[in-house]
Amino acid sequence: MVSIRSIPSSPDSLSVKDMPWIVEHDESRCTLCGRCTSVCPVGAIRLSYMRKRMPKIALNSTERGNSFKTFVGIRQRTDVEHRCIGCGMCATVCPNEAIGPVPNPTIDRFRFQSTKGGNAVKRGGRRNTPGPSLLDRIIFDRISMLTDPALDAGRHEFQVNTLLGRVLPPEEYLSRRAKGEWIPPVREIFPFIIGSMSFGALSPNMWLGLLQGVAYCNEVLGIPVVMATGEGGCPPWVLKSKFLKYIILQIASGYFGWDEIIRAIPEMQCDPAAIEIKYGQGAKPGDGGLLMWYKVSKLIARLRGVPEGVDLPSPPVHQTLYSIEESVMKMIQTMSMAWNFRVPVYPKISGSTSAKAVLNNLVRNPYAAGLLIDGIDGGTGAAYNVSMDAMGHPIASNLRECYLDLCAQGRQNEIPLFAAGGVGKNGNVTQNGMALIMLGASGVHMGKYIMQAAAGCLGSEYNRCNVCNIGLCPKGITSQNPKLYRRLDPDEVAQRVVDTFKAINLEIKKIMAPLGRSQSLPIGMSDAIGIDDEAVARRLQIKYVC
Amino acid sequence: MCRLAMKTASEPFSPYDILKAMEAMQEGYDGSGLGLLLRGVEFADFNYQPTQPILSGIAHTEDALRRLNHFMQARGYELKYDHEFDLDLTKIESKDRYKYFVMVYKTPDEWQDLPQDEIDEKLTFTRLAIRRNGEEHNGDLTVFSFWPDVVMIKEVGWPLEVGQALGLDSGRIKSRICMAQGRQNTNYGINLYACHPFFIQGIGTMTNGENTAFVPIRDWLTGRHYPAYVGYQSDSEVFTHILHYVTKKLKLPLQAYKHVITPLKAEELEKHPQGDFLLGLRNSCRRLIIDGPNCVMGSLPDETCILVMDAKKLRPATVGGRDGEWAMASEMCGLDAMIPDRDRHLDFQPMREHTVVIPPERQEFKIWSQFDPFPLPQTA
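Sequence lines, in order, name chains A and B. Quick note on numbering: this note's numbering labels position 246 of the first sequence as 246, and the sequence is numbered without any gaps. Quick note on numbering: this note's numbering labels position 198 of the second sequence as 198, and the sequence is numbered without any gaps.
Since the hints were derived computationally from the structure, they do not count as laboratory data. One or more of the hints may lead you astray.
A partial selection of chain B residues facing chain A, derived with a Cβ cut-off under 8 Å [stated by the list, open to error]: (1) 215; (2) 224; (3) 247; (4) 248; (5) 250; (6) 266; (7) 268; (8) 270; (9) 283; (10) 284; (11) 286; (12) 289.
Non-contacting residues of chain A with respect to chain B, defined by C-beta distances greater than 12 Å in every case (computed) [claimed, not checked]: (13) 28; (14) 59; (15) 173; (16) 215; (17) 309; (18) 328; (19) 502.
All values derive from a computational prediction rather than experimental measurement. C-beta: ideal position from N, C-alpha, C; glycine also.
Here chain B stands alone, though its shape is the one from the complex (with noise of 0.2 Å):
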């Protein structure tokens, strides 16, 4: 069982930070990958405009690094800034670590007229282009995500030990949203890709569980033949192109994605006032119900932050905060470490049928039952 860390502020923070929250938590999991997540990207040393998409990712090897300068400049992109991590390389287990890179680029000046789908697109299959790359070379070259306003790290280790030996504690690297989480090593090999929290296209979510539905959902998502739903080297990466599926491709309010992994039982959409609706859409959806136990959190473009509890409730969750400060914490502990001062009568612990949302004014969170209704479009 994993654990999980998550804050979103109004005031960038260091994610050093959510790191302690981790460490706070270290009885679950065991150092066998840690991942972060930031997300409203703020650098010491750099004016990060955010429409600028950030490479994010290893390379292992010197040549790797040349293969993706070339790469990438022979695609158009002008490298802007090149973050220098102050790497202390002797607290990495990993040896062959050769630069991690977040590096900012400006997008080719002929994109500019392009409609936002298509260069999202186009974003996405860089990335996996890069990552194929990596494959056919022995794996020395390994990206996490390209895209706007997005950094993403991972690395085999403790959490304090990989925040200091990137240097994360220095702050020269802030974000308003950070997510994080400790792997606890179940089914699949210990593998950068297999690290939490997974991204596609603007989309991060991770979680603390195994879903045993892993294959058959795997292989519906393969079938779809979207050439970004690939990878799956952890059970967990299937909430992420599930929640990419319900919002990007069918266009589904946020809510949906709770009705779409742990859909009401037949009985229960009987007396549901969309129960017609959802039944369809559960029946058309069904080969994407996961089973937990998982508790997902994930976060958004526009940086809304949610928490889905599971249907079987078996998985610890909990949201607190206050006005501009809100954090989730897969355990009480990791949550008291990253706002202590809050009031902890505020503090909430979603049951099976809760999904949780942090808009990004991050005035108050909400909390949304499964059994009420929620605005659709016409269209549903």
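Chain A with its partners taken away, still in its complex shape (with noise of 0.2 Å):
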């Protein structure tokens, strides 16, 4: 037995199988061009040397049976900091398919390790709960055959678009018709919505690529789709440019970027879609925004109106407020006046049960426009992992139960609802979108499924990835460092947008027209979806079918 010295064993000393994944390497197949390690976005491998023994059969005594030879090969570093995430990047770039990472099968010890220095595990990305989601078991089984002529997804016309804004009772739009009073504004927009994702969260290439594939669909295509732009401002010259009316600006409780969106509202061609003000996300309810510091550059820092190179946390409320009364009557209506009350202005709250409670409130404020619930299963930019892993309400119930008490109240046409939070997680982005619109959405936001659809983002409900807080995004979505967003090129992502929206428009259709609806977005049409669990199909108020 050796002494316990000799080996490497304090608390935090990991292998390789302790990891959470895995680097596979074949030397057979590797020629050492050393890209897998210059691609790396964490230096977890690493060319190092190594000895190894190479037996023959030995002659005489004096010989040795053994020879050794030194040998250059990739090896997994296994410190906390330079763990492998599993995105892949070196199977991607590898020519002879010699190296690519694998989940480790058991329960890894690195989470126990990965606190180092005191610091609670941060993380981009989602939430981790691999397997379908709830909407992913909502089926559409209300199918028109026989008692209707099936319509054809390919040749009807159909009426997609859903409203923002807040709708008036028809008697009192009348009234007000007559008396030449204030109509709030209301747009006309495309159901599925990209979520807010921050100028700052997101590289200047992505954002750019996102808003050319934006403005292509509406002035093309004609879906008009909308974007919302996170807390952080949007660049000056699209606040000056006439594609501004396809963004939703956010504002959250840093105010980032409204120094210069307010002073750009002279010089405005035309008024936003609408404002978002961000109470709370489904990825970390209850906590406020973050921008960490590797992301914070030059532009960015200008930008917000910062240094460069600071964390940039906003605070889990907005400052200025200190009750829900207030937000309503001062927020919305402050938001309201910049644009004279031309703009909807609708909040964001993350899924909770106290949701209610808060739409209750927006029923009796005039200017509310709409409520935005975001999820348990929504993303982020960056969080800590406890907030991203158990903090929130998965949204359809959430929405379900808001939806049912507008019903109850006959407000349900007035505040459009907007559901967020595990939209496409697993990739059947158009089939939860529209559970979660007949459930009573006027829409939904996603942002995870367009980042992997338009720019290729790697993160998976495996845990991959996920390093969207620290800038070293291996495809240059959500990185500021420009030697990793110049990988992204932005035609290439407005590409994407413009083909995920095309299909999302024709899936949307070719759910329709089997439930035998065309004329109007089925809002709230609960007879047309079913569930395989009784408790959920109770608690959701739709059918159980097996």
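Fit the two chains together into the complex; they arrive one by one in their own frames, and the hints show the way.
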């Protein structure tokens, strides 16, 4: 037995097999080109010198039976900072398929050591709950066949757009119209919205690509897609462009970028699509936005009016507000007033059992233009693991409760509810979105899906990559480092945005046509959906099917 | 897909004529429900005053009828006439029909000074109370309408058989308007309350299609918390209630109905002379957009008849006739059966943008396109 001090055995000493991702490397195929080690965003693999035994048959006793040879090989590092994140860039660049990460099939020991330096673990990305989501399990089961002529998704005309903005009850509309009074602004938009991801969280190229794609959808295809900025402002050239009408500007508790926005108002060619006031986010409810210092580049610092290279944690609440009454009264009204009541202003909150209370307050506020509820499966650029994993409320029942509450009051057409959090997390974006719409949402916001579909984000529900927070995005989507974000061609992103929305548009029709719907988006058409879980069906007040 | 027939004539006619038209269109329904709405009513053995409300329905037991009479008496209604049908119950499938009642009442004297709106509400709530009473007693009492100058009959079975069973061929009841619908049962159960036409406060409509947007529309109408927006045993009942909502609650002209249930697209509204108003109306009434295909036929208290085509135009409808006598039917053969000797060149098949209106004078029918402006009150 060797002495304990002669083997490396500190609490945080980990072996390769303790890591969440294990790099498998086939030396027989490797040409030592070094591409994998140079592309690895976290430096998890390195070229190292090693010695190996070369057995040989000894013909006489003076000769040793083995000889040793020094060689260069790829090795995985096992310290916390350089753990493999499973992004798979090594496999992408390897010309010989010699390397690639595989998930650790056991409970890795890494997770117990990852709080080095007393820092709670943060990550970007997603909640990491693999398997079919509840939304994936909702099916559309009310098919019009013989009772009605089935519609043809390819030939008939479909009205798939939704409304964003406060809609007056008919009596009130007629009365205000007669008196020439203010009628709240309402936008007709595509029901799938690019959810708020800030200029800062996203790289300039990603942001530009999204905007180009959105503009093309609107101006060439006639699909009125809008995108939300997230907290962090908007580049001045966009604010003063005619593309602003496709953008929902977000204001959050850090007010980043709003100096530029307010200054640009007199020079705006058009109004923004809407203003989103972020009170909460599904990925980290009760926690403010966070842009970690790695990503606060010169450009971002200028846009946000802050020094370079500092962490930008937004407060968990808007500092000027101490109550919901105040938030409703002041914030919504102030933002409405900034654009002379021509722009819808709505709050975004985290999914929560208190969502109904917020909603009821909004119902009584004549300026509130809607409510966006972001469920627990929402993504983020940066958050504490514990917030992402354990805080929040799933979107389906939260949304449904709010919708039914509005129905009971007869106000379901007045305050449009938008849902977010896990829409398309397993790729079924249209199905997930339409399920939420039939549960009562007027539309859905999606972030992660767009990053995956439009820019090839590597993240998965198995904690793959998820380093959006530290600016090392290997695809250049969430990095502010030009070396990384130049990997992303905005034109290609735009093309994929267009592909994505064209496909969603067609899939919406493919869902609506068999249901016999074409004249309006089937908001709240709960008779059309079912799920194979009795308890869920009861909770959502939809059919149980088996 | 159901079948529709409606005739309006200056000279009262027997509802049996319309049942013959239904018979002509027999391919299109399964006998799961037949409904008749008669307006401008005349009884052979009673001098009816058109201001007196008529209660129509079915008492399924003797006890139910007794309860009904007691109920009406207790509320001060005075029975003026109780129509006795020449019944032949062997021709009726259902075995629990004790009495088909069509009873004319005189409203309580103290109502004389009440405004018309209040009287309308009282009549409506009386009907709803009777309906509830029936529902509380295992459905032994079914009531279809309680309104001046309107008789309604609903029964399960084939049109001619039902007509003969009730002796409608005797000519003892006639009317200037008769609406009839033969139901093809689709989603919802066989239920007398699910038979068209549907009726609320003088407004009756019927349709030949399925409204797939039913649930969101029902939820919205229910949210108005107006006690008469109940029922919804059929997805088509919402058409009647929407027409009621648009004309009585919003007090909009008849043309607005088309703009509410099947609004124009945003790009079409941009070119419409009243586009700005209509866009706002479309947004506000968004939950009332129907998803047919449906052709909606209806009649109003002033004996105006309307036909509104849905936006998909996947349902047939045709209008034709001559001065003083017009008919609408879902099929040409139905129209032929009702008015065979008309000038067929004047027949009209409405398209997706059309509302056809036959005014009470019955000289001609008017075709109104949704793309055309329409007179709006100052308030709009």
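| query | Which hints, by number, does the structure contradict? | reply | 3, 4, 7, 8, 15
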